[in-house]
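Position chain G against the provided structure of chain P, taking the given hints into account.
Chains as they are written, first to last, in full-length UniProt numbering: chain P, 1 to 992; chain G, 1 to 501.
Certain hints may be false.
Keeping only pairs whose Cα atoms sit at most 27 Å apart, straight-line, the calculated DSS-like set for lysine-lysine is [to be verified]: (1) G/Lys28 to P/Lys492; (2) P/Lys492 to P/Lys457; (3) P/Lys810 to P/Lys915; (4) G/Lys28 to P/Lys457; (5) P/Lys559 to G/Lys480; (6) P/Lys492 to P/Lys350.
Label pairs and their calculated CB-CB ranges [unchecked claim]: (7) P/Glu779 to G/Trp501: 21 to 29 Å; (8) G/Tyr26 to P/Ala379: 32 to 40 Å; (9) P/Glu422 to G/Glu356: 40 to 48 Å; (10) P/Phe526 to G/Leu131: 32 to 40 Å; (11) G/Glu100 to P/Ile839: 47 to 55 Å; (12) P/Gly777 to G/Gly36: 25 to 33 Å; (13) G/Thr164 to P/Ala379: 39 to 47 Å; (14) P/Glu779 to G/Val25: 29 to 37 Å; (15) P/Gly289 to G/Asp27: 50 to 58 Å.
Don't read these hints as lab results, they were simulated from the structure.
All C-beta atoms, glycine included, are put in the ideal place defined by N, C-alpha and C.
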Amino acid sequence: MNKNYILKTSIAVRCLAVFLMIVFSTNFSEALAQSKTISGTVSDNYGMTLPGVSVLIKGSTQGTVTDLEGKYVLTSDGDIGTLVFSYIGYTTQEVVLGNQNVLDITLEEDLLGLDEVVVVGYGVQQKKDITGATSSISKEDMNQGAITNPLQQISGRAAGVNITQIGSEPGSRPTVRIRGITSLIGGSDPLVVIDGVQGNLDLLNQVPPSEIESIDVLKDASATAIYGSRGAPGVIIVSTKRSKSGQATIEYTGSVSVDQIANELEVLDAEGWREQARIWNVPFSEDHGSDTDWYDILTQTGMTQNHTVALGGGSQNFNYRASVSAILQDGVVINSSNKNYIASISATQKAIDDRLTMTFTMNNSIRQNIGSPGGVGRAGFTSNLISNAYVSKPTDPVLFENGDYFFDPNVFQYINPYAVAETIINERESRSQFTTFRTDFEIIDGLKAGWFGSWRKVDVNSGYYAPAASTLAGAIDQQGIANVNTNLTDEKLMDISLAYDKDFGKHKINAIGVYEWQRQTYQGHFAQTKGFINDLTEYHALQLGSVSRYLPGDISSYKNDRTLVSFLGRVNYSFADKYILTASMRRDGSSVFGEEHKWGHFPSVSAAWRIGDEGFMQGQNLVSTLKLRAGYGITGNQQGLSPQQSLQLVGASGSTYFNGGLITNFQVTQNANQNLQWETRRQTNVGIDFGFAQDKINGTIDVYTATTDNLLFNYAVPQPPYPFGSIAANVGSLRNDGLELALNYHLLDNSDWSITLAGNVTFMRNEVERLSGTIGGVEVNTNYVGWGFNSYLIEGQPIGTFYILENDGKESGTNEELVVDRNGDGVIDQGNESPDRYIAGTALPTFTYAFTPTVKFKNFDLSMVWRGSGGNMIFNRIRRDFSLYESLGKSNMLVSAENLGLFTSQYASDLWLEKGDYVRFENLAIGYTFNTAKIRNISSMRLSVVGNNLALFTKYSGLDPELNLSGGNGSGLDAGIYPRTRSIAVGLHVSF
Amino acid sequence: MKNIITLSILALLTLGSCTDVGENVYDKYAAEDFYGSAEGSDAALASVYAQLPGNWGGVGYAGADNGWYDLNSMSSDEQVIPHRNTGDWQLDFARLYQREWLPNDGINSNAWNWLYRSVFLANLAIEQLELANAEQSKIAEARVLRAFFYYLLMDDYGNIPFFTENNLPADQIQQVSRPEVFAFIESELKANLEDLPTTKGGNYYGRFNKWAGYTLLAKLYLNAEVYTGTPKWQECLDAISVIEQGGFSLHTSANDSSLPLGSKYYELFGDVLPDDETILAIFTTVDVVGRNIFMIRSLGGTDGTLLAGAGAWNGSVVPQEYVEKFADNDIRKRQFRYGPDPSGPQPAGFIEYALELDNLDNPGADRNAGARNTKFWTALPANGGGSSNDFPIYRYADVLLMKAECLVRLGDAASAKPFIDQVRQRAGLSGLPSAPTLEQIYDERGFELTWEAHRRQDMIRFGTFTQERYLVPAVGDHFKLFPIPTSALNTNPNLTQNPGW
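Excised from the complex, chain G in its bound form:
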């Protein structure tokens, strides 16, 4: 009897279709087929750029919360989200400002994971573009993008795991020293920048053209001393001289009563960023491509409804000390909103914010304490989840101040003066009375670039990052680097934590 059973089972076994358990895929593309096509390699490049807009989950360069932007901005002296005595806001953000973060913190690991996912996608794009024999400019673009992410990684974490091929087993990924990463970025940029197109705006809006690439190189050199111990001020100036061939100029700050803050200066932070000054922007349309939460997160609840069209979050504020450094006639001071007569519209029932911030954690700040920032005045479409303002990664005012700084650092303060004065005059201020000091350049960078995610890097370069600041004491030097996230350390035994953590 068992023979009959065995026989019938054997008979069934031989019927191939009866034993087919292959996997069917109906609603996705197989990776190998997709990337092998021309559309695929372009899509691979586009997907690296798709990493830039900020979004929920702590991803993106800037625009949303809990990611790279918060890590690099809230750890500086330009913004903080205090715990409120109404029970709102957990302490994660305040602890960044207080410099009490820990390797386990979610914002830290979000930034790390976002950066390495970007490197993975850039590696993929390079590999696929090369396989598809794509134009050299596209390959160069992908390589520069990868260099950009490694630059951000090195800036935050120092010695970092390094890989340029995705199919490498995890245990073969080695941690590379900061100077080595620096050297890699430098050589990648040098080898590829000349292949980048010079087109500004249009198809290259939001992409690395030659000028954005050289700005990245200039930034690398500007901070070379921090990264390698060897300053490269002259190399920075050389890179800037290339950017100058791009025909950039400062955008006007003419009065315009149709704009909420009354000056065309704020168009630099609006929907489509003007390409006279903007070198590299992040395209944003809320819920479609990223989001910009910086105003809605800052304003108090009812102010959001009055000024931004949706209930606001009562989150990030600008520390009093920072606001008070601004001259009252500085156009750039209009971004701050506080007191009984704030800049910008004053609809009935607007909130009077107190400039003072009494407390960051327990019992927390009063509901309306702290100056708010409306630099990214809501561009439509917008809702409670943010607005559609684009975000400037690099702009020409920054480059001018970099140039001034390099000149001062090289001992030529006199030559530096016109560059810093240009920026001041555009802001409605007079030029400096005498040749600029480093401190004046540092302050000017603060005035010009508030909330644009440059502050931590600047503070480290100028040596102020670990010093005492408004409401909190000085901290140790190891805070100049973020700790490698615990999750990354646990999964890769090859990694060594940064000193002090």
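With the rest of the complex left out, here is chain P:
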């Protein structure tokens, strides 16, 4: 029931201190003559007794501690006066004693939990000492249910952290953006740090969701600057569970969920198609006489299972924890599944009077994915497999009478999606492992030296086979295509640190200096053959392919790497626990930049003032907490820039015919830019933490503005003289502003009931300030860069601004779409910068919000997540592609097309642009915690039922408005998604 989560080392230290003090003082008190005795029971507001509560006579060292039943007995020789009851995670209570001999006390939980610690870069800090903008989510507050990726656990839980899940494809992970889009070239994904191991979002696949103790999100520059080069887009710090000393446990956590398609598009059935075909004079020969529901044939009820067994234990100097997990998903589209197995073990040993601590972790995960093929379809419409169900006419049969997959040769590049789903082999196995080793040694009191090393390897092997029977044009042409692909990632990190942590009366200093070295190496190879006499060997015997079909590009390999070297320091100084200052400096060198530009400096400074603790704030009951924070910092981005772009290199570009024979065609690979340098992000953050009425109402408000300068991007350069149309360079700038508000209201809190209303709102806007500037001393002009379908990067506008033609009805008679000729020149220019276009909104949401109430009644608990976003537009390309009757002969159509009655259109106008606002009832969890006090061998047990994606409120006409909102190319486009599921999960947690 301890609502607060407190991190291992500090809790241990604090407990130890309290324990020693109490042991010492009780011994001391026993030596004295008795004169007054007081006793009682300490319990929490649910009536549960609290063992280990410190009971102290105020102004003395005399005291005791409650026993296992929460009882205490205290004897004093004189007048006791005031008793102080304190317990970690609960509000300390002082009681003035009268004449009574018995005093029972109920301790209130410390709701705001100012004693919580926050995991910051390279260390932990107490929450009250934090000066930057961070969000902490402990395991009690995480979303439940059919969780396959840790990000799903914090969706909606932190302001300014926007987590987007596109469809429910097994193994697909959500995208996450912290405070908007930091970069255009890549590198807007936050850094993930799991127990010290740094990596990209894929690293999260290596943590079993149930083994996560807490997730801390560092949002502003003063918090992330310590991660310098990789911290610009924010940092997600995951801390996994550790066993507690003296406690041996075995835990099982599991859930099974049934997943169903939440929403389907309404397409014509066979009768509807025939009716429209008569109206639009489609030749009778196009009707193949069947009545097929393609979507139904290609989908099924999915299932997600999640099982984790964890064991752990420890003594005073040693603890360990090990877990094995399986996350098994069978998708709602046939033949798509993902299985993730994770095994992890960690052990910590202390030695030399506890001054030496060594922690060793090993983690191994195997992911097996059977992917529903993507990028299939005919030239005019390429999408994922399931979206090709809209293409297939309901009048086309699935099979010919002889049992072969139906195929219509009159249609250019006809595909039968059922044949694709059934015959294509598309398998991938990822093997990831990491090992970390940490050593800390306390040299003198407060001064610690540390060494940390991590080595992570990810091997991804995939195999693909497309037989001619798949009906894919390429596979028919080549009589079967088989390939194997291996990608190897190797990430090494080593740091040496020196940390100093000491209190001098009212002065508290916490300082750290770190040297860090990282290398990431990427390697891989690919082999492909074609032309098989049968399909028996799939991709397992490439040598059986026809040698005559070998082509350049069928065999390839690559290797590149990046090296990062950093020196960093941070000082956290606090005076009287009221005035706190944090300053950090980092010097980073990265191999990916030009020879003269490899190093960058990234400073940050921030301060906090705990106004609530000032004398002038005492003696009032309204404001219980008030803390003002402000910070400024610069962070850098190099991770988005792929290696080698500063160098003029020669590679192979296919083959060519020369001197009477075929030779490799050597060509320069790119426009090299030796002036490539760090992209930097300056961020200012001001925030307030507040609490009213004993923190019954508490919250946080943050405002920020962040400007990315030296914006890395592939800028347009003139041809001539450049051989390629763009060059990676640092020219433009990008700004993100935002306001974040998080609020908690503890509506009710008593022994039976606890009701908390929590929520957060984020407003954000971004602007592409500038894309044009000088490259190599020459003015270049980059603007109106296509960034999706009709969405652009336009100077002075948000990322992904829709710049689009305006629909003007249709021409009667021909039923062709008309658009407005804005400049009135009689010509509709469809070019990027056409004056016939107009600005029609942005592809990225301008606000997001979440409402996460929890209710507890006795042993029942209930929590919900309602989540929404809006202010953005979506180009519904699926609707455009399936609303024009000219396609009726070769494709199915949406029922809604009838309202438009369009035969053809030359344009992709705003007719297909729709509002993207939505509210989703994302999660409802109901749990029951069994009273296990009477059950032998079981220390806790909880049963839960969780519904996911229970309702969606939106005016968007497509499958789901939660689309690509990554800010990258393609944002705001609906080109067909894997269906999103609605699921009901049953979960069990038992610990022994």
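Just chain G now, with coordinates in the frame of chain P:
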């Protein structure tokens, strides 16, 4: 305490290896090392030739789509891809035929970017060959190649940015007038043609030998009036007289029932082009070096499976007016496929194409409307992405017709007659009854060179390019030049757009 931290950081700083962030390259060559070697300078020359085969992405001279070939062929009267009333084909191609293109159009910028990338690679090759003290013939070859690309640029765009050194900053690249570019090409060719080898075929198949070089010079002079206002018919004849020393002759058109179209004439468009007539070819093997999509793009879907071994695209067709000009007994008319009794094989289930093309945009043409072209009858290997037919850039029949044209233009029509008659007779036709007129030469060029990417240039020289044509009205004179692509104008403020755009 901070001193200790500072000291330790300083100590680490002094450890050089701990601060090394140099870039490692494992899987490519550094440009300076590579081009400095002998293999490198040869590779630099080869990479310029690698620009010629057409491929995806709108690159290459001919063979694929969305590039220079489409820009120059579909803007003429010899082919068009109509929008179909089945919803197939966007209007980009039809708008070329209709002459409604805009500076922003992708095909236009693809052609421009391809040409300038070729110039860049030619500059690089010249620089590297000179540095490596390569044989003069190779340097000459690279210079002639560069002249060839500038000739194509000038032909399409008129006044163009001009650079012969790659390391020039972008803002120092000036736009040069068409006559100045003409003068540059002329002087480059004159200075280098004699250094080119005279070898035909073999190691020089697909390369600029002396004869290909002089054909380029002849082409330059043939169109000199268009480029500079001053005709150079005699200079053209002089260049042709050099080509004649190359020993070229017209390839036979003997019947051969083993060939799909029944005549050896079509070997000129097959896999390895015969070197009796071919002066400059583009080597093509589908997916290995370029591709040739001209037949698979033209045929209807099931016809592709029947005739070309893969589903076809139902794309480019030949306008009715163009087909109807051919005499029925012209061997060259066999390239067109339409009606119930088409030339070539007639497997069960073949499509009957209608010669008429009712509509180009809305509602679009019927699925089987429009005559198809099988001139580049699929040479293997082939698939849905094209075949392996080589492409003739220059051949001797073209030169003969150029010679006839120059003679007529110089007032000596009588002397011109045998040259045009040779070409006609090879096609199974009789010679002209009297001395040729310019119009007859223009028509003959159309018959002989259909879909070989000469049509736009010829139509401009003969003044027919902007006139009314099948299904579409006449347009203004500014269509004789393509507009400089918007993307090029935006990135280089020194450029002035062509008049009228």
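Now for the hints, and whether the structure bears them out:
no.	hint	verdict
1	G/Lys28 to P/Lys492	holds, 24 Å
2	P/Lys492 to P/Lys457	holds, 9 Å
3	P/Lys810 to P/Lys915	holds, 22 Å
4	G/Lys28 to P/Lys457	holds, 24 Å
5	P/Lys559 to G/Lys480	violated, 49 Å
6	P/Lys492 to P/Lys350	holds, 25 Å
7	P/Glu779 to G/Trp501: 21 to 29 Å	holds, 23 Å
8	G/Tyr26 to P/Ala379: 32 to 40 Å	holds, 37 Å
9	P/Glu422 to G/Glu356: 40 to 48 Å	holds, 43 Å
10	P/Phe526 to G/Leu131: 32 to 40 Å	holds, 35 Å
11	G/Glu100 to P/Ile839: 47 to 55 Å	violated, 26 Å
12	P/Gly777 to G/Gly36: 25 to 33 Å	holds, 27 Å
13	G/Thr164 to P/Ala379: 39 to 47 Å	holds, 40 Å
14	P/Glu779 to G/Val25: 29 to 37 Å	holds, 31 Å
15	P/Gly289 to G/Asp27: 50 to 58 Å	holds, 55 Å
Comparing the model with each numbered hint stated earlier shows that hints 5, 11 do not hold.
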